[in-house]
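In the order they appear, the protein sequences are chains X and C.
Counting along the first sequence from 1, when you hit position 661 you're at 663 in our numbering, and nothing is skipped either side.
Counting along the second sequence from 1, when you hit position 287 you're at 379 in our numbering, and nothing is skipped either side.
Do not take every clue at face value.
[Said to hold, decoys possible] Ranges of calculated distance between the beta carbons of each label pair, as one might list FRET restraints:
| no. | chain 1 | residue 1 | chain 2 | residue 2 | range |
| --- | --- | --- | --- | --- | --- |
| 1 | X | Ala327 | C | Glu262 | 29 to 37 Å |
| 2 | C | Thr292 | X | Arg323 | 52 to 60 Å |
| 3 | X | Glu234 | C | Leu294 | 53 to 61 Å |
| 4 | C | Arg317 | X | Thr387 | 48 to 56 Å |
| 5 | X | Ile658 | C | Gly395 | 23 to 31 Å |
| 6 | X | Asp662 | C | Glu262 | 57 to 65 Å |
| 7 | C | Glu262 | X | Val674 | 55 to 63 Å |
[To be verified] Here's a subset of chain X near chain C, in silico, CB distances under 8 Å, partners left out:
| no. | residue |
| --- | --- |
| 8 | Ile753 |
| 9 | Gly754 |
| 10 | Leu757 |
If you are wondering where the hints come from, they were derived from the structure by calculation, not from laboratory data.
Glycine included, C-beta positions come from ideal geometry on N, C-alpha and C.
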Amino acid sequence: MGPGSELLLKLDGVSKFFPGVKALDSVCFDVLAGEVHGLVGENGAGKSTLMGVASGALIADEGRVEIAGREMRGDPELARNLGLAIVRQEPALMPDLTVAENLYLGVPERCRPTIAMSVGWATQLLRTWSDDVPIDAYDRVASLAPGQRFIIEIVKALASEPRVLVLDEPTEHLLAEDVERLFARIKNATGKGVAVAYISHRIREVQKIAERLTILRDGKSQGTYNARAMDEQHIVELIVGRELDREFPPKAGVVRSNPAVLEVKELHGPGFSDISMEVRQSEIVGLAGIDGNGQREFIRALASITKRRGLVRVNSRDLDRDNLAAASQAGIRYLPGDRHQEGILAELSVRENFSLRSLKQDVFGGLLSRRNEAERAQQSIWAYTVKTPSIETPICALSGGNQQKLVLASVLASEPKVLLVDEPTQGVDVGARMEIYRILRETAARGAAIVVVSSDGQELAGLCDRVLIFSRGHIVKELSGSDVVEHNITTAILTSTTVRERAPAQTANFWRWAAGDTAPAVTLALSVILLGIYASFVNEFYLSARNMSGILPLIATLAIVAYGQQLLMLAGGIDLSVGPLMGLILVAQSFLLVSDASPSHQAIGWALVILIAVVVGLLNWLLADPIGLHPMVATLVTFMLLQAVSLLLRPVPGGIIADDVMESVGYQIGFVPVAILGAIALGLALEHGLFRRSWGLILRGFGSRPEAARVAGVRPRLVLVSAYVGCSVLAGIASIPMMAQIGTGDPNAGIGYTLASLAAVVIGGASLFGGRGSFVGALLGATLITQVNVVTAFLGLTDAWQSYLLGGMILVSVAFYSKSRQMAVAK
Amino acid sequence: MNMNIAVASIDKDMGTLHKRTQSGRWSLGEFSWIWVATAGLFLLSAIVAPGTVTKGSLFAMLPFAGILAIVATGQTVVIQQRGLDMSSAGMVSLAGVLAAIFGYRSDSMVLSVLAATGICAFIGVINGVLIARAHITPLVATLAMNAALIGVVRDLTGNAPVSMPENIQEFSHADLGGLPYSLWLAVLFIFIVAIVTRRTVLGRRFVAVGVNPRTSIAAGINALRYQIGAYLVSAVCFAVAGILLAGYIGNASHTAGNDYLLPAIAAVVVGGTPFTGGRGSVVASGVAALFMAQLSQMVLALGAGSAVQLLVQAAAILLATTIRLAPALIHSR
């Protein structure tokens, strides 16, 4: 790095406001070509926000961002094109796609190989990470451990040949040897003139890799320094703040003689093991440690949100059962850290959010007293100074700090004996923080036992009587009395060994196979064959040419409409209107493709198939995407509209379709109708595209996780409009073989295909949430359903069996797929 | 208690048509539109098709409106838990058939109705377990269940309608204070569900689970129980509707329920209960059922066939959903 080095990333005076919080306060940060610039600070100091601004994911409220000399404002696409690659704390990967597919979609187009080459290319990239990397290019991302996903995210960023590389806490989930590898790759990149921004809260790591480092505290830069010339002590002081920024309420002092309220003996659970501790009356105990070391998992298990083994006693009484009711009964209350996901009922009012945890207090004569509830809520928001226009305001309209105070007020209204608090002041401004500390201390003074998990050392030091340090699921150190100061806590956390061990967890081969894309096809094909063999044993006419030529066109029709349903479902949509659409097209044909129709009429008739389908597809998309109706509601409306139009045109079936049209559509080679050959060919072509063409990758990637796909440059609106129109067009095509079966304009002929197409794709292995599915699966699903409907007659079963078998097939297949996919997901 | 609270605490669903929006202006609440629309519809009917608001005509429409309202009530409860119950078609059919079979065997109407409803409730619990416990998508699980139920009904009836016992027929045709029983039952169901969801601990927790299951669990609520319970309640609603319907038509068949699947979902949507869970109003769904029934009557009286009815219903759903979305769409510009 010389004085002539080019400035590749420059953030100048950047400020960013979130409701109630100033996340960044005119921060300056720049990275030169060939340099690693470290960014350190505690959780919530604003590091990720700053990098969000740099990558275009967030727009700065003040200041400017320059990448390679060009200004960029909240435009991730431009940032990527200017050569910025980012490794996020949450890898932006699509879980249902393979490693190779994720890498392919994740790099800019200029860096992509052909799809046919992508597996070899991906394997090569993984090799550059390590020769014995335990990841296969064919692995589905959902089946990878968190650390492995990070490796993919890093490999992806390096493969996009960046000029600016941003790494956000990259080592959090990595094994020690992978951290070494990462550092080697970073050195290699800087050697080629890449500018690297390295964010971490691990000071030693940053000092090892970075030339300069900038320290962030509460959204303000504490200066930029030469990384190696500074001693660790000094950095810690800057991270934490020399002067005491915050005032804490006085601690309780003598609690040693108080009776124990909460006693825990040899507790085991997911993420922690063998924890014994106790909390006394009026005592606040802090749990500290780097994220993921078991402290959070421990209090969640105490609250009975997750399972546990071991002894828990509250006020000397054992909790005999491990369930939510027993925990509630014993007076254990939990204040969640993730306020949006677990703390509030966003759309409901302040009043309803307040009373949620203490509803019984408002019950008079079996009914809730609205008046009493409102009074309690009002008193509480005054007592805890929650700022809200009224108690009927939806809680989501409040600032973060006021939401948090209200949730705390709600928890306290339920009179906890043991209060478990996860990150009491996350996303809360300084003023509200002080009040929350005061409220917690007052609650303790009234006799409650409080356990606080926090990643903020200063908070723990100021608030807690005792602090326990967690590492790898165990308590490794206890600080009490005058030892409870921030420096001790931070030192204990940072010096506790946090080397991860390689998890031996491997899913059984059977479940891995069952979760794959071939399993549904193989299972279904086997079922079809076995059922066929059985049926032909019972009744020899089953395999007769006559029977086959009857069944095959039915399969063709259902298969093609199921392709349409599958296409849309891959993108996460659903179309109820396919059935009526097929009916409408049939009705239209019954006017145009009649025996005395002129050639021009006939031409119009065929063109209309596509035209009607495209218009209906666009209508569905319009209602579902831009207007924003639920896809079920949107396509239900179209369902009714189309059926209405069909019935207007043909109140009763009528109009005979011309014989020559019927003959050509129903043409058979031997006993094999052309329609089924067409359906099979179409299915194979679509299947090929789905797995071997970029549109297929984009469709599956979008359905798997729209946000990750968007980050990879996929345009959501384009994907959705194509999927809706594609679905309708395929339903339109399916109406052609149906025409040969019905032969007349029957407005009700198509209706049954809506549910049948859904059943076919679901049996074929599709996920209703998008991302998973296959056209071959849909074809086989359609085959099985049609076969079952026919076979019951041959086996001498009653009609009822058609329904039983259909219902049973759906449930068994869905249960099997969801179980196997669950088993194959990394724990 | 100050004035603000007094104003705010008036039940916005059952009492007033208005609520105060954040900007402080008075405007229609999301579940209040349907009242205005229904009043407007009857007014319009009186003008363009006076025949549909005569006593006789209303009496022909109200029993079906009541039955639809009961089905819609069940569907609303499930949709509040972010679910959907497609087994309503099979359940409505099955309940009618079971009531008929038990009715002939036991002679006691109460027993036969209880037995039929009990069996449906049990099936509802199976639905709930498949969805909440085995994590099968509601649409798929209830579709499969529906297929199985239709199978059972076909087996029981041999594909031919079975006539209902006299006592159930009489009950379905009976009226109280000039209004048909089915309407009273619908009002009773809606009233009970509305009171329970708004005014009891059970109901409030139920709503909380629908809005955000994770928050509810963190608050110590056993979410699973409420999620499964929703399908039990819906099954009971469908069963009662099915028995009433069979009693009213005079026979039970495997196709009887088909006419109540989509119209009930339509009524829920028109009533304003969103598919996103939590918020919802059975009162609005019930009024919407009345709205849809009267809409059909009016269109029919104007000489249009079932095609135009469908068209008008589709338009009603579209209007109902876009009107509520309009403010958001305009704001996002």
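Quick rundown of the hints versus the structure:
1. Taking 29 to 37 Å as the suggested C-beta distance range, the pair Ala327 (chain X) and Glu262 (chain C) does not conform, at roughly 46 Å.
2. Taken as a hint, the range 52 to 60 Å is violated for the pair Thr292 (chain C) and Arg323 (chain X), whose Cβ atoms sit roughly 25 Å apart.
3. Distance hint for Glu234 (chain X) and Leu294 (chain C): a CB-CB separation of about 57 Å, consistent with the stated range 53 to 61 Å.
4. Taking the beta carbon of each, Arg317 (chain C) and Thr387 (chain X) are about 36 Å apart, not inside 48 to 56 Å as hinted.
5. Restraint check, Ile658 (chain X) to Gly395 (chain C): a C-beta distance of roughly 29 Å satisfies the suggested window 23 to 31 Å.
6. The hinted range of 57 to 65 Å is satisfied by Asp662 (chain X) and Glu262 (chain C), whose Cβ atoms lie roughly 59 Å apart.
7. Checking the proposed 55 to 63 Å range against Glu262 (chain C) and Val674 (chain X) shows it holds: the Cβ atoms sit about 59 Å from each other.
8. For Ile753 (chain X), the shortest C-beta to C-beta distance to chain C is roughly 10 Å, which exceeds 8 Å, and the interface hint is violated.
9. With a least beta-carbon distance of about 11 Å to chain C, the hint placing Gly754 (chain X) at the interface is violated under the 8 Å criterion.
10. Taking 8 Å as the C-beta contact cut-off toward chain C, the hint placing Leu757 (chain X) at the interface holds, the least distance being around 7 Å.
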